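Undergrad: For reference, the chains in residue letters:
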Amino acid sequence: MMTLMLAFLAVLLGGILAMVPALMRLSKNKFLRVPATAYVEIIRGTPMLVQVLLIYQLLNIPLFLIGGLDMGSFIPGLVALVINSSAYVSEIIRGGILAVDKGQTEAARSLGMSSTMTMKKIILPQAIKNIFPALGNEFVTIIKETSIFMYLGIAELMYQVGILKASSPAVTELYIVAGLMYLVLTYPLSKLMNKIEGRLRHADER
Amino acid sequence: MQTNAKDIIVVKGLTKTFKGTIHALVNVDLHVKQGEVLSIIGPSGSGKSTLLRCMNLMEVPTSGTILFEEHTLNIKDKNINKLREKMGMVFQSFNLFPHLSVLENITLSPRLVLKMSDENAVILAKQLLEQVGLSDKIDAYPSQLSGGQKQRVAIARALAMKPDVLLFDEPTSALDPEMVGEVLAVMKNLAFGGMTMVIVTHEMAFAKEVSDRVVFMAEGSIVETGTPEEVFVVPKEERTKQFLKRVNVY
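Residue numbers (my numbering), protein chains in the order written: chain R, 26 to 231; chain X, 67 to 316.
Only chain R is shown next, with the shape it has when bound in the complex (with noise of 0.2 Å):
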């Protein structure tokens, strides 16, 4: 029940907050379009596991209950999700705008409609229908992602953590470094994806 409420509210933040970096992404202005990436390759190229762990050191609230939940695990959990899968999220809708047809965008422009109005009226309406379907397998990974985090036990974890903390005042470091590891190994991997996508895309053109 709790891993359905995470994954749920996780999915619908992590959906409207998405929206940033997608746009973000998708416009002309390197200085928007660097860090939104940045933050994407990031999210994507290092293990749930860390994020996580990384949020609980960082965010630290003492226990507290609402409803019989405990809120000094649920919030930090729920903020790692939301995160974690604004990331992927992101990447769900920027494939759902790019696959919108560029004649659309065309049309819109020759009736004099600004780009905003274009993007608001004619192709978000469109990349919704790419979207959908997308989000429901995001949905459904998010779902597992909490239930093996929830599995190892967030309590248990974080007392893990306070016998770690009490030999190693670096355990933020360590995350940091751990995670760092894993983006070294994965960022060639969705360097080379981007490529491939390119290319598919190229083959699009006329």
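Rather than coming from a laboratory, the hints here were simulated on the basis of the structure. For clarity, every value in this text was computed on a predicted model and none was experimentally measured. Treat each hint with caution, since some may be false.
[Said to hold, decoys possible] Listing some non-contacts, in silico: residues in chain X with all C-beta distances to chain R over 10 Å:
id: 1; residue: V92
id: 2; residue: L133
id: 3; residue: G154
id: 4; residue: N161
id: 5; residue: N186
id: 6; residue: D205
id: 7; residue: P243
id: 8; residue: V300
[Unchecked claim] If you only want the chain R side, here are some residues facing chain X, beta carbon under 8 Å, derived:
id: 9; residue: A124
id: 10; residue: G128
id: 11; residue: R134
id: 12; residue: S139
id: 13; residue: T141
id: 14; residue: M142
id: 15; residue: K146
id: 16; residue: I148
Don't be surprised by glycine CBs; every beta carbon is placed ideally from N, CA and C.
Following the hints, put chain X in place on chain R, whose structure we already have.
TA: Showing chain X alone in chain R's frame:
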């Protein structure tokens, strides 16, 4: 069209290069007069669509200038949306908005951009649908229409903005042969009604019949310009003769 009509579009020294290497257009000069029907013909890859698409900055020129009603077009200028309103465009692939009904396709831009009231926009749409012979399709969605019907709706949609010029980018090239006629008939009516039109087309007979002037392009340049008789019947340039012989019309 009066011969002393003023120029509505002036293209000066237009060059367009794609990806740094392919020269789509090389130093093209062209003017379109008020009320004129100008057809651009030529083999595929000659740059005729690119030239048309540069006229409303769907393609941004690499160099050169486009003047529309004495305004220099600039893609970075906020004014560009205002100017594009006045330059309707009809596309080869129709580009109707699939999530909107025929009525909404036509009324969307007048309502959003021209701030027309809903009632007035609907009245206008009904008029235009009658003009293109599709009054019965007002509530249909684009997916329920044939290619010819889609293109006629697209023309109505462009007309709803009350443009000063209409740009046609191979409007019948994506149509089944039996649907070409209905679209050309609508265009012919517009031409006779005095609309300024620039038409990129492969329909030679149509170009000959409705145009005031015909431009023949090859390899990114204008080879020959003249009346339909001059270009089709007594072409001066060897390149034009070859092309006309190949398309096998005259």
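Undergrad: Hint by hint, note whether the structure agrees.
TA: Right, here's what the structure says about each hint:
At the 10 Å boundary, the C-beta of X:V92 stays outside the reach of chain R, the nearest C-beta of that chain being 21 Å off. Every CB of chain R is more than 10 Å from the CB of X:L133 (nearest about 18 Å), matching its label as outside the interface. With 10 Å as the threshold on Cβ separation, the claim that X:G154 sits away from chain R is violated: the shortest Cβ distance comes to roughly 7 Å. In this structure X:N161 is not separated from chain R by more than 10 Å, as the shortest Cβ-Cβ distance comes to only about 4 Å.
With a cut of 10 Å on Cβ distances, X:N186 stays outside the contact zone with chain R, its closest approach being about 17 Å. Under the 10 Å C-beta cut-off, the non-interface status given to X:D205 relative to chain R holds; the minimum distance is some 18 Å. With 10 Å as the threshold on Cβ separation, the claim that X:P243 sits away from chain R holds: the shortest Cβ distance comes to roughly 22 Å. With a least CB separation of 35 Å from chain R, X:V300 remains clear of the 10 Å interface cut-off, as annotated.
Taking 8 Å as the C-beta cut-off, the interface hint given for R:A124 is violated, the closest approach to chain X being about 13 Å. A hinted interface residue such as R:G128 counts as satisfied when its beta carbon comes closer than 8 Å to some beta carbon of chain X; here the least separation is about 4 Å, so the hint holds. Checking R:R134 against chain X by beta carbon gives a least distance of about 6 Å; that is within 8 Å, so the hint holds. Taken as an interface hint, R:S139 checks out: its beta carbon lies about 5 Å from the nearest beta carbon of chain X, inside 8 Å.
Interface hint status for R:T141: violated, as the beta-carbon distance to the closest one in chain X is roughly 11 Å, over 8 Å. The restraint placing R:M142 at the interface with chain X holds, with a minimum CB-CB distance near 6 Å, inside the 8 Å limit. Interface hint status for R:K146: upheld, as the beta-carbon distance to the closest one in chain X is roughly 7 Å, under 8 Å. The interface hint given for R:I148 is violated, since its Cβ lies 10 Å from the closest Cβ of chain X, which is over the 8 Å cut-off.
In summary, the structure is inconsistent with hints 3, 4, 9, 13 and 16 from the numbered list given earlier, while agreeing with the others.
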